[in-house]
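From first to last, the protein sequence lines are chains A and B. Its first residue numbered 1, the first sequence is counted upward by one per residue in the working numbering. Its first residue numbered 1, the second sequence is counted upward by one per residue in the working numbering.
Keep in mind that the hints were calculated from the coordinates and are not lab data. Just so it is clear, the structure is predicted and the values come from calculations on it, not from any experiment. Check before you lean on any hint, since a few could be wrong.
[Unchecked claim] Sample of chain B residues lacking proximity to chain A, with all beta carbon distances greater than 12 Å (derived):
(1) GLY73
(2) ASN98
(3) MET115
(4) GLY122
(5) LYS125
(6) TYR181
(7) ALA196
[What the hints assert, rightly or not] Pulled a few chain A residues facing chain B out of the computed Cβ check, cut under 8 Å:
(8) TYR15
(9) SER49
(10) GLY50
(11) ILE65
(12) TYR72
(13) LYS80
(14) VAL83
(15) PHE102
(16) LYS120
(17) MET121
(18) ALA148
(19) GLY152
(20) GLY231
Every residue, glycine too, gets a C-beta built ideally from N, C-alpha and C.
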Amino acid sequence: MTDIVMEAKNVYKTYGKSSKKADVKLVEAVKNVSLQIRKGDIKLIFGPSGSGKSTFLRCLAMLDIPDKGEIYLGDECLTKPGVDLNKARAKIGFVFQHIYLFRHLTALGNVELALRRVLKMPKEEARERAVAALAEVKVTDCANKYPAQMSGGQAQRVGIARALARNPDIILLDEPTSALDPELTGEVIDTLRDLAKEGTTMLIVSHEMPFARDVAEEMIFYDEGKIVETGPPSLFFNAPSTDRAKRFMDRIIKRTTRE
Amino acid sequence: MDVGQQLIILLEGVSLTLSISIISFLVGIAIGFPLAFIRVYEREVGFVVDAYEKIFRGVPELVLMLMFYFGLGPFFPFPFNNAFFVAAFVLGLRSGANQSQIYRGAIRGVGDEQMIAGQSVGLSKWGAIWHIMAPQVFTYSTPGLGSEYALLIKDSAYAYVIGGLAEIMTQAIRIKSIPPYDVITPFVLAAILYIALTFPIAFWLDRWGNKRKQKIGL
């Protein structure tokens, strides 16, 4: 038994991006990517948009099935045929860039659903757990609101509560703040900082550099379907060893200071 | 026979018209709702759904009704010898084909992301369909369902051809055959009745759906 929570081994994923059927453009979003995440790790993936970060994250959660390679959740290989993926996904929290709350359910309903229908908790226990999860991300006042009635920041925090409530082994967050108005990113980042303090295992795709510097133990620079460089934040903020990472950091830091 | 008496005879047909249309509408939901999801999420058997839709949308209701009642009735007296069953069943089959298309459009409208979000919390494909997609798809479909129901009220008039069902149309024709053989008033009254039956329900469904849609931001 290792303390590795999730592992990707030589994962490949190519998908066809087509406007018309005639010219299908193949995008190699993930090319031979391997990654290990241990219990309590907080890792941050960053890189240019369209480089395949989100696809890689979806592969880890088996929401996209890799073409090749292996995904492990603890000791269980998820890419083997015949594995109960629903059961595995129940142990993986996933937070979407565009949030994707269940629109027909209140915040409470969103969080409760998996507790009731997947974990088969009794009603009262699920309610208790959901209320606690909403309190943890400080959106108790939204408990009975529908997603359409919330601000983007509130909705995303409910999204985090939805992922959190099942006590997953790991939470994967796909650019949790990039679809939000700038003044709303702060509240979501604060929530993530709280989770970090509690030792939640997280893999985050994000370009929030101040946040990355404070909480990430390891930053992963991802470009053109590959991990280009890996290291602690200090490496990237001082002197990344690859040119590509250097250029990207320059651009992103310039942008942040301008704002 | 004056207008009042005619109206009373016609009104006697209302309950049957309503039962045929309501039951066929429910049959249509029971058929169309699952078919739409099968068509979208079980691609391998999608062609069966396609064939079903083509047949029941393509063949006139009148032909279907005569075929089931006079064609199948003698061989399978139960249930095809029952005029009410045949009328409601045939319209239900047709409505199922129509409704399948309505729901399929709604599934697209609700969006695949909801499905993925559902699976991301550990629901199975059909679990996500049932708990996440179905409620939203139904809400999304309400305007279409309103007009589909209006269609069924009107089409219930076809039941006249298999006879033995005293729905509005049959009653109108009965009046026509009673002295003084008025051929205008009963049909004008029937027309008004049909409008009175279809309009409020379609209107109400539409309004309920819009309110609900607004609430959930669909």
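Ascending list of hint numbers which this structure does not respect:
Hints 3, 4, 5, 8, 9, 10, 11, 12, 13, 14, 16, 17, 19 and 20 not satisfied by this model.
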